Amino acid sequence: MINTFFSDWFYLSIRNIKLIWRPIMALIPSLFMPIFFFVVNSLSLTAFSQVPGFPDVSYKDFIAPVAIFTAIFFSAGNAGIELVQDITGGYFKKLVIMPINKLSIVLAKLVEVAFQAIMQGLIMLVLLLLWGVNFESGVLGVITIFGILMLFAMAWSCIGMIIALRAQNARLVQSMFLLVFPLLSITTSAAPRELLPETFARATDLNPVTYIIEAIRALVLYGFGDPAITQGFIAAGVMFVVLVSFTVLSFRKALK
Amino acid sequence: MPKSTKSIIEVKNLTKVYPGGTKAVDSVSFQVREGEFFGFLGPNGAGKSTTMNMLVNLVKKTSGSVKIDGFEVTEHADEVYKRVGFAMQEVGLDEVATAREMMELHGRLYHLQPAEIKEQISKLLKLVELEKVADKFTSTYSGGMRRRFDLALSLIHKPKILFLDEPTQGLDPHARQLIWGHIRELNRQGMTIFLTTHFMEEAEQLCERIAIMDKGKIVTIGTPDELKKKHQSKNLEEVFLKTTGSNLANEEVNENASDPYIRARR
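Line by line, the protein sequences are chains B and H.
Start counting the first sequence at 3; every next residue gets the next number (this note's numbering).
Start counting the second sequence at 627; every next residue gets the next number (this note's numbering).
Among these hints, one or two may not hold up.
Claimed, not checked - In silico lysine-lysine, DSS-like type, Cα no more than 30 Å apart, as pairs:
| # | chain 1 | residue 1 | chain 2 | residue 2 |
| --- | --- | --- | --- | --- |
| 1 | H | Lys-708 | H | Lys-752 |
| 2 | B | Lys-104 | H | Lys-649 |
| 3 | H | Lys-638 | H | Lys-708 |
| 4 | B | Lys-258 | H | Lys-843 |
| 5 | B | Lys-255 | H | Lys-693 |
| 6 | B | Lys-255 | H | Lys-686 |
| 7 | H | Lys-786 | B | Lys-258 |
| 8 | H | Lys-762 | B | Lys-20 |
| 9 | H | Lys-752 | B | Lys-255 |
| 10 | H | Lys-841 | H | Lys-638 |
| 11 | H | Lys-868 | B | Lys-20 |
| 12 | H | Lys-762 | B | Lys-255 |
It is worth saying that the hints were derived from the structure and are not from the lab.
Quantities reported herein were computed from a predicted structural model and do not represent experimental measurements.
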C-alpha cells in the first residue's frame, strides 16, 4: 500500500509537472508583472536609497527579493484554477475512481507548485543577475531562498485548492488574486520598516509575507546570520502546515 | 459466447437524497448478469446519472446496497475500481497530453506492469482506430476522436464491466456508428456493458435488457421484446414515451446542477 502511494504520487506529479510548460508561453504572464515593476521601480526610485534611514544598499538590490517573491506569488495561485478545470472537465472523477491513494492527488499538486516555484525563481534569478543584482549569500543563500519560496508557494496554492474543492468554480478561485495586492503592499516590500508610518509598520508586522520578503532580502543583501531568515522560515513553515492541513481536510470532505 | 447467469451488478433499494431533500433515486433495485449488454434509459433528470455514479462510488448513496462482482462499493471501493471502466458524459482529457501519455499514466495508476501497459496501449488504440494520432495532443482531436479515445482509456486496466454514460452524445452518425461498433465488439468478447443513452433505436438493437427510469424509480425492465409486448408498443421509443411521460419541469430543476458529482458535494 505504501509502495503504491509513492508510485501514485510520483506519476501524478510527473503529469502535473508536464502541465507547467505546456505551453511554455504559459510561464510568461506570471513573470511579466514582477519584471515590469522591478525594472520600473529600480529605474525610477533610485534616489529613494539616499533617504536618511535607508540601508546602505542600492534600491535595485533592495527590491530584488520582491521581484522573485512576486513571480511565485502570481503563479502559485494557478493550482486552484487547474484543479477546478480537472473537476469540471471530468478528469478529477477519472482519478477518484482509480484504485489509488487519493491523497496523492493533492500532494502531486504541491509537487507541481514547488517545481514551478523553482523554475520561475531560477528564471528571475538569472534576470536579476543580468541586471546587476548581487546575491551576498552565494549559492547556499540561493538554495535557502528557494526553500522558503517553495514552502510559501505550496502554502499559497492551498488557498486556491481549498476554494476549488469547496466551490468548484473557477471565478471564485480567481478571486483569491484580490488577496495578492494587500498581502504584497502591506509589507516592507517598497521601503524599510523604519521609514514606514508607525500604524502601517505595525500592520506589516501582522502580515506573514513581510517575514518572507525580509528573509529573502537578508539573504540577498547581507548573507547568513540575520534573524530575519529564521523568522521567514517560520512564517512560511506555519503557513505551509496550516494551509496544507486545511487542504487535506477539504479534499477528504469533497470525497465523502 | 454463452452468457453467464451470475449477477455482476446487484442493486438493492438504492436511494439518494440530496441535501435539501431532493430524492434523486428512490429505492431502486435491479441486477445485471455477467457479460450482459444492459441499457439504462430515462428522460433528463430521471436519476440515471446519479444511479450510475453511485454504482461506481462517485456519489455516496443515502441507503441501499450496491455490489459489483460481489464487492460492496462503499466498503471495497478499490476492488470495485479495479473491475470497472467508466466513460463519462464529460470526456475529461488532459488537453496538453498525448493519447499515449495519458494511457501510460492511467496504466501506471492502475498499477499495471510496463509491458502490459505497452501491449494494452497498442491493442486499444488499434481498437478505436487512433494509432496514427497517438502522439498528438488530445486537444487536437475532433469530438468523435475524443469519445473514442476516452473509451480506450476506460479500458486500459481490462475492466470486467464498462459503464457508458451517453457515449455518443453530440456525435455525428458516422462517429456514433464507430463507437457502437467498438462497444458491440467489447461485449462480444465478454465484457458487461452498462449503458445510458437517448438513442432508442440503437439501445433496442444493442441491449439485451433495458431498464427505464423516471422520477427516481425504475418504471419498467425487461428485454426489448418483453417491453414492447408488455406496453403494447411498436418500438422502444413508444415504450419510453408511454412509461415516462413529460418530465420537463423536473428537467429544468435538475439541469441547474446537472452533474450529480458536483451537486452531491454542495
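For each hint, the structure was consulted:
no.	hint	result
1	H:Lys-708 with H:Lys-752	23 Å, holds
2	B:Lys-104 with H:Lys-649	29 Å, holds
3	H:Lys-638 with H:Lys-708	22 Å, holds
4	B:Lys-258 with H:Lys-843	24 Å, holds
5	B:Lys-255 with H:Lys-693	24 Å, holds
6	B:Lys-255 with H:Lys-686	12 Å, holds
7	H:Lys-786 with B:Lys-258	26 Å, holds
8	H:Lys-762 with B:Lys-20	15 Å, holds
9	H:Lys-752 with B:Lys-255	40 Å, violated
10	H:Lys-841 with H:Lys-638	17 Å, holds
11	H:Lys-868 with B:Lys-20	52 Å, violated
12	H:Lys-762 with B:Lys-255	36 Å, violated
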